[in-house]
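Assemble the whole structure, with the sequences as input and the hints as a guide.
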Amino acid sequence: MHDNVLLQAFVYLAAAVAAVPIARRLGMGAVLGYLLAGIVIGPFGLRLVAESREDVLHAAEFGVVMMLFLIGLELRPSMLWRMRVAVLGLGGAQIVGTALLAALVGIAAGSAWKPALAVGFIIAMSSTAIVLQSLAEAGRLRTDAGQRIFSILLAQDISVIPILAVLPLLATLHVGAGSEAHGVATLPGWQQAFVVLAAVAAIVGGGRFLLRPVFRAIARTKLREVFTATALLLVVGIALLMQAVGLSPALGTFLAGVVLADSEYRHELEGDIEPFKGLLLGLFFISVGAGIDFRLVAHAPAAILGLVVGIMALKALVLYGVARLFRATTADAMFVAAALCQVGEFAFVLLALARGSGVLGDAEAGRLVAAVALSMLATPLLLLAQSRLVEPRFAVPAVERGADAIPDEDTPVIVAGFGRVGSTIGRLLRASGVGTTVLDLDGDQIELLRRMGLEAYYGDATRLELLTAAGAANARVLVLAVDDFIVTERLIAVARRHFPHLQLIVRVPDRPEAYTLLRDGISEVFRETTGTACDMGFATLRALGHRAFQARRAVQAFRAHDEQGVRVLAGKWGDDTSYMSEARARIAETEQLLAALSFVDHHFDLAWDNTTLREEAQGRSPSGHTAGPEGTD
Amino acid sequence: MPRVLVLFAHPAFEKSRINRRLLEAVRDLEGITIHDLYEAYPDFLIDVPAEQRRLVAHDVIVLQHPFYWYSAPALVKEYLDLVLEHGFAYGSTGRALEGKVFVNATTTGGPEAAYQVGGRNRFTMRQLLAPFDQTAVLCRMAYLAPFVVHGTHTVDADTGFGPAQRQYRTLLAQLRDGTLDLARAAAVDRVNDVLGEA
Numbered sequence: 057m058h059d060n061v062l063l064q065a066f067v068y069l070a071a072a073v074a075a076v077p078i079a080r081r082l083g084m085g086a087v088l089g090y091l092l093a094g095i096v097i098g099p100f101g102l103r104l105v106a107e108s109r110e111d112v113l114h115a116a117e118f119g120v121v122m123m124l125f126l127i128g129l130e131l132r133p134s135m136l137w138r139m140r141v142a143v144l145g146l147g148g149a150q151i152v153g154t155a156l157l158a159a160l161v162g163i164a165a166g167s168a169w170k171p172a173l174a175v176g177f178i179i180a181m182s183s184t185a186i187v188l189q190s191l192a193e194a195g196r197l198r199t200d201a202g203q204r205i206f207s208i209l210l211a212q213d214i215s216v217i218p219i220l221a222v223l224p225l226l227a228t229l230h231v232g233a234g235s236e237a238h239g240v241a242t243l244p245g246w247q248q249a250f251v252v253l254a255a256v257a258a259i260v261g262g263g264r265f266l267l268r269p270v271f272r273a274i275a276r277t278k279l280r281e282v283f284t285a286t287a288l289l290l291v292v293g294i295a296l297l298m299q300a301v302g303l304s305p306a307l308g309t310f311l312a313g314v315v316l317a318d319s320e321y322r323h324e325l326e327g328d329i330e331p332f333k334g335l336l337l338g339l340f341f342i343s344v345g346a347g348i349d350f351r352l353v354a355h356a357p358a359a360i361l362g363l364v365v366g367i368m369a370l371k372a373l374v375l376y377g378v379a380r381l382f383r384a385t386t387a388d389a390m391f392v393a394a395a396l397c398q399v400g401e402f403a404f405v406l407l408a409l410a411r412g413s414g415v416l417g418d419a420e421a422g423r424l425v426a427a428v429a430l431s432m433l434a435t436p437l438l439l440l441a442q443s444r445l446v447e448p449r450f451a452v453p454a455v456e457r458g459a460d461a462i463p464d465e466d467t468p469v470i471v472a473g474f475g476r477v478g479s480t481i482g483r484l485l486r487a488s489g490v491g492t493t494v495l496d497l498d499g500d501q502i503e504l505l506r507r508m509g510l511e512a513y514y515g516d517a518t519r520l521e522l523l524t525a526a527g528a529a530n531a532r533v534l535v536l537a538v539d540d541f542i543v544t545e546r547l548i549a550v551a552r553r554h555f556p557h558l559q560l561i562v563r564v565p566d567r568p569e570a571y572t573l574l575r576d577g578i579s580e581v582f583r584e585t586t587g588t589a590c591d592m593g594f595a596t597l598r599a600l601g602h603r604a605f606q607a608r609r610a611v612q613a614f615r616a617h618d619e620q621g622v623r624v625l626a627g628k629w630g631d632d633t634s635y636m637s638e639a640r641a642r643i644a645e646t647e648q649l650l651a652a653l654s655f656v657d658h659h660f661d662l663a664w665d666n667t668t669l670r671e672e673a674q675g676r677s678p679s680g681h682t683a684g685p686e687g688t689d
Numbered sequence: 002m003p004r005v006l007v008l009f010a011h012p013a014f015e016k017s018r019i020n021r022r023l024l025e026a027v028r029d030l031e032g033i034t035i036h037d038l039y040e041a042y043p044d045f046l047i048d049v050p051a052e053q054r055r056l057v058a059h060d061v062i063v064l065q066h067p068f069y070w071y072s073a074p075a076l077v078k079e080y081l082d083l084v085l086e087h088g089f090a091y092g093s094t095g096r097a098l099e100g101k102v103f104v105n106a107t108t109t110g111g112p113e114a115a116y117q118v119g120g121r122n123r124f125t126m127r128q129l130l131a132p133f134d135q136t137a138v139l140c141r142m143a144y145l146a147p148f149v150v151h152g153t154h155t156v157d158a159d160t161g162f163g164p165a166q167r168q169y170r171t172l173l174a175q176l177r178d179g180t181l182d183l184a185r186a187a188a189v190d191r192v193n194d195v196l197g198e199a
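Top line first, the protein sequences correspond to chains A and B. Numbering follows the working numbering, with no gaps: position 68 of the first sequence is 124. Numbering follows the working numbering, with no gaps: position 29 of the second sequence is 30.
What the hints contain is simulated information worked out from the structure, not anything from laboratory work. A few of these clues could be false.
Residues from chain A shown here face chain B by an in silico Cβ test under 7 Å; the list is partial [what the hints assert, rightly or not]:
| id | residue |
| --- | --- |
| 1 | Gln612 |
| 2 | Thr668 |
| 3 | Leu669 |
| 4 | Glu672 |
Built from N, CA and C at the ideal position, the CB exists for glycine as well.
Following this line, the structure appears as structure tokens:
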């Protein structure tokens, strides 16, 4: 029964659905929930997981790959360049420091230097997946400490390549040559280098010159699922390419992400990949939980626990020192140490390689795998303890906390729909120096806008992920200028639910839509053709010989009356769209229009018309007070 | 208790140094209505009936504005042209504003010495504001001496306007409470002089 794929999927999904809300409710965070769920369904819990758990783990590792793609998308090359000091300095120092210190400890404990150094490099890795997910959940990614953590993780992810290359050189044991190695590892050195460079060049070049036209063509079909499929195809393809040459798929997709970070499809790609990433990462955490070999732990509990505590203490020590060296506050340095002192998922990969190439023996590698998994399990608990027990002691007044860096792309205005109406609004805002992020579903239009130098992104703004990616949380105004009213209504619902702070400026086709929205409490509603119609009316009055100022005032007055009429009628536009209410509304509407059209004869700028004054002056002899002011004529 | 209406007109409120502060100094006064004309009529399309109702509903009309080209900003002129209709504000049947008090509250960049006979501007403020004076008289209103803050170009905006703010607040409070000596306030050159340093 364990081999039924659907049943397995059911077990995993059920575990996630049951465990994560419980964990959340207990204030533990989703990651810990996933890990615990994995332990529960694992071989040492309810034993619901198939023997072929390895397959699940492989699939789940894809979540890590996708996560790195998303991280890459977030990193524009310019931003990466800005972070170079933190990545190279902070991250590099952490990796080298941990590796050397661990090697020294190992040698002191009687190990040979080569395996000790290998273990040092392996445990220097932290878990990008757990840490970033936990930070994101706690909303701390953008803090100063969060940025340091991110830099270190980035350095680790990048350093996986050289470590993968160097690790086999540390082999001391003899194993069957190339039993685990494949791809480049079997080639001579210079060819290896060539293949690696070629793969990187293919990703960078392809991303630059091939992918954007492809995405444009796909976007033109306006089939969202095809676009999603293309995004997945891209990630899977790159992962396969990297695997084929024996490089880290995560690194390949990360690179592809960076290449695409400047493209107009960035937000849409983010939105498309995000749900898959979340699901697969969850799966990954469950597999880690299920994979902890409690038999091994039970055999030598003291040794394994000692190993876990030792590794984490050593890492924490180095992390704290390095962070302080790079001028973090005590509290921040402690947070960095607590967050990163576990060993990460890359360690599994490196351990497999180390065992395969004879750097480590089976027993050592097995113990380390268990220790790594346990340290990952400990991380959410450690972060919880950190935030509950340690941080209150370092509590900083909220004012200092508020000064977190806001990323460049956060603009006060998001314009959804950049067609006939939206584009004019966008240009107006831009001319006024207002930062504007533009979303549109027309790939050609976006391409045109970008060629003209506007920040425009392809995507369906009704999707929460895309709105989030476009910075809705920090924007102040959302301008809805999409053609389709159904889309407009959906977008309003999403925006109101998730970003209630956003002020909505809405374009609607005509009166009925305006009524609907006004009744719904949206005050800034604009019928799309009214302005143009009024301008044309003005031109017509001018063509008939009316003076410009009179014509302008007539148009202004008409427009004011018209807007007022729509608002009055919106209240009458019955929930029961019965004939009577409709009829009443129409009668009222006609009355309003008639009143508006006869304004010149009624009460409008009467003071500029001196009829009564002339009558009075002629009819009665002007005396004293009643004389008109000079120059009224 | 007299109801006080402040008709406020400043086309560039965000750039204002003194008028903004004067307004802030009286904003929380009870029994005072503040009506921001440029905010209400950005397109100059004045709702005449509504404005007439508003005038009728108050006893004291304070016209607060910067002194532009020896007069008020353009929208004030538009307002007076349109709202003070024949038959409403003046003429044999126009008695809607009869007996109300009218006062200009204005600010000049130049110093007081510049607004003197023989000074750079050749006339006093009271003289330059004569059109408003006569407008009020034609509408059968009592015209008080203007409230004037001089020399705003040379004052430190953050610290220097405190006395003017307090004086303005005093003026409006006294108008509201009916404690201002209207005869004296009409006779002087600047109403500031009968308020003292509050």
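Subject >> Residue hint Leu669 of chain A, partner chain B, criterion CB-CB below 7 Å >> reply: holds (5 Å)
Subject >> Restraint check, 7 Å cut-off on beta carbons, for Gln612 of chain A near chain B >> reply: holds (5 Å)
**OP:** Please verify that hint: Glu672 of chain A, Cβ, nearest Cβ of chain B, below 7 Å or not.
**Re:** Holds - the Cβ of Glu672 of chain A comes within 7 Å of chain B, reaching about 6 Å at its closest.
Original post:
Would the stated hint for Thr668 of chain A survive a check requiring a Cβ distance to chain B of less than 7 Å?
Top reply: holds (5 Å)
In summary, the structure agrees with every hint in the numbered list given earlier.
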